[in-house]
Every structure is written in C-alpha cells, then in structure tokens.
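Working from the sequences, and respecting the hints, build out all of it.
Everything in the sequence shown is counted per our numbering, starting at 1 for the first residue and increasing by one.
Note that these hints are calculated values from the structure, not bench results.
All values reported here derive from a predicted model rather than from experimental measurement.
Estimated spans, in silico, between C-beta atoms of each pair: (1) 292 x 146: 48 to 56 angstroms; (2) 200 x 238: 22 to 30 angstroms; (3) 67 x 109: 17 to 25 angstroms; (4) 261 x 303: 39 to 47 angstroms; (5) 69 x 180: 34 to 42 angstroms; (6) 302 x 261: 38 to 46 angstroms.
Yeah, the Cβ is synthetic: ideal placement off N, Cα and C, and Gly gets one too.
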Amino acid sequence: MINTIRQGLLASIVGMGLFAANTHAAVALPATTYSDLVIFGDSLSDTGNVLSLTSLYGPAPFPSYPGAQGRFSNGPAWTEYLASGLGFASSASPSNRFYDGTNVIPIGPLGGKNYSYGGARTGLGGSAGPTTGLAGQLVAWDNSTSILTGNPQLTRAADPNALYVIMAGANDLRDIRSANSALDAASVQARAAEATQIAQNVAGALGLLANAGARHFLLSNLPDLGLTPEATTLNRVAASSDVTVSFNSALSSLVGSFEAGFNQDHGVDLDIRTMDFYGLFNEVFDDAANQGGAAFGITNVTSACLSPGFLSNQYFFFDATASGCNTAAFSDELHPSARAHELLGALAVQTATAPIPEPAEYAMLLAGLLVIGAAVRRRAGAIAG
1 MINTIRQGLL ASIVGMGLFA ANTHAAVALP ATTYSDLVIF GDSLSDTGNV
51 LSLTSLYGPA PFPSYPGAQG RFSNGPAWTE YLASGLGFAS SASPSNRFYD
101 GTNVIPIGPL GGKNYSYGGA RTGLGGSAGP TTGLAGQLVA WDNSTSILTG
151 NPQLTRAADP NALYVIMAGA NDLRDIRSAN SALDAASVQA RAAEATQIAQ
201 NVAGALGLLA NAGARHFLLS NLPDLGLTPE ATTLNRVAAS SDVTVSFNSA
251 LSSLVGSFEA GFNQDHGVDL DIRTMDFYGL FNEVFDDAAN QGGAAFGITN
301 VTSACLSPGF LSNQYFFFDA TASGCNTAAF SDELHPSARA HELLGALAVQ
351 TATAPIPEPA EYAMLLAGLL VIGAAVRRRA GAIAG
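And the structure:
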C-alpha cells in the first residue's frame, strides 16, 4: 500500500514536471553548439591515462577488464557517450599528458582532450601519482605550473566555445569518511566542513578556467556513496551518505555564488550546467527496488558484476569474469557498470544540450516549481491524515 501511494505521488510530480518542462522548452533559446570538449576528472571519466602512465613507468600496466582497455568498468565510460553525442568522439580519448613534477610530458599518443586520471583527488595528487589530481590535470592542460604559485592562474587561453567537463571529489570524500565515520553531531559537522573544502577545490578549478576564457561548463554532483557496495562492505554507509550530501550542497552554493560574482565583475553570463548524477542513481535504485528495473533495466544494485580472478582484486579486473553486468549498477565495489555509464552518458548529453531559458522564463519556472511543491505538500498531508 505504501509503495502504491508513493508511486502515485511520484507520478503526479513527474506529470506536472513534464508539463512545465514542455511549456518552458517552447520559449527557450536554442541549445549551445560547442566547438570542442575538454574533460577533467577521476576513474569514472578516465579512458586510459592511468593505463598509459603505468605502462610507461610500471610496475605493471593498469589491469583493465578485457574489452574495456584503460577503463575502470566493463565497458565504455560515460565521457565517451557524451563525446559521441556532441560530435567529438576523439576528444574523450586520453590526453596522455602528465605533469611529472617538473615538466608536462607525453606518456602515450597525443590528441585526446580527456585529462582525467583514475584515483584523482581534487588537489594536486591522487592514487595514481602525486601529480594526477585535478590541479595536476590543469597543469597538464596549461603546460605551465602557474596555478601552483602564490598567484594561481592559467596561462593558456581557453576556447570560449568549448565545453569544459569536471566530475571530481568522490575519492576525497572516501578519504574523509574513512578517517572519520562516527555518527555523532561533531563528526558529521567535521565531515561537512571537509566536504565543503573539496567542493571549493572543484569550484576553484572552474574559476581558473573561466578566468582563462572558458564560458561553457558541465559539472556533475556526486552519487550517494552510501549506495556503493564498498560502503556496505566497510560499514560506512551513513558516513558515506552524509558527506556526499554535504559536498553536493556546498558545490551548488559555491558555483552559484561564483557565477553571480563573475557576471557582476565581468558582465559575462557563464553557461554552467550541473548534471544530477545523485538524482539519477537514486532513481535507478528506486526503480530496481519498486519496479523491478522496468525503467532503467538495472535490477542488481547491491553487488559487483565482475568477479576478481587470480590476478585481480576488488577494484581492478585483469582476468575477471562477468556475470549479469547488463542488469547491474556496479562493475566492482565502487565503479559503475557499463550499463550505468551508458545511462550517465545519456544524462550528460541531455544536460549539455538542453535549451538555455530566456531570462524572463526563470520566474515562470520558479512559479511552476512552487505550484508543484504546494501540490506535494497537500498530497503528503492527505496521506498523513
């Protein structure tokens, strides 16, 4: 009975939301046409930079799953779906540019625009090396260490018509919840403060690119890390969830403030789009639990679909065997499956190509949301009564 009531409420919200979206789209400006695609991120976005780095320096090449060379999944990454959808398929290829602490050097074939490294944190380093983090990736893109000085700035002029993609922070949040997983109020508050710092790092990267001339951005919030098999295995579900919520909230606030300030200081409206990864994964999990995967085709949201082999471990699958990956959310205990990447890629294309609303239409959209909120409250009150 509870599920039936909940489904009816969701159907009402979705129905009104679709009506508002369709009405809004009819008066919206055309979607932006981009000139190129540049990507920064971690293992969810990496298509081979870690493979190139480990192939060059050892001790052994990154142990990819067969058929998904260089990916941290059992198939293509969401960045590849995005690049193909926008007409820049080659841009999702690894940049193979690496800041070695002194110079930016090639570590493989050049040409790709994807600077992501698996294991990246939002600072300089990451699991793959002390210079593979988000800041290190910006150094590699800029071919300069100027952002590491007391007056951080990029020296390279950014293409104002390109789309700059940033998804980062998950590994930092995993570090935070591993170091402090207590659930008392002080611990939750401490995690929130650290998560805000991580969000500031991401917003700072966006700011550096904007000051260098970038005008179009696709950011992503992060999925609930408490939903990962890893969080369950480590008994860190609650801490993983609350630190994710804190990060997403801080990122939204910081980016909004930066966008408003940039417009005030420079008279330029930035096109900053945020992909709702958090919302998508919640919908996938809800669909699996209540609809048997009818909407997304995913029924297994609790366990990895790849089984480690003799040469593998819980995250890297050189000789792993796959079972049911087409209906699983995770390839390993942390990383999304190829099917989940496909869904995320579709969301990314949708977010990147959505029409830009006329300024006057924001008020109409807000009014529509207020109507929806009032309807939800009335329905909730009726259910409670």
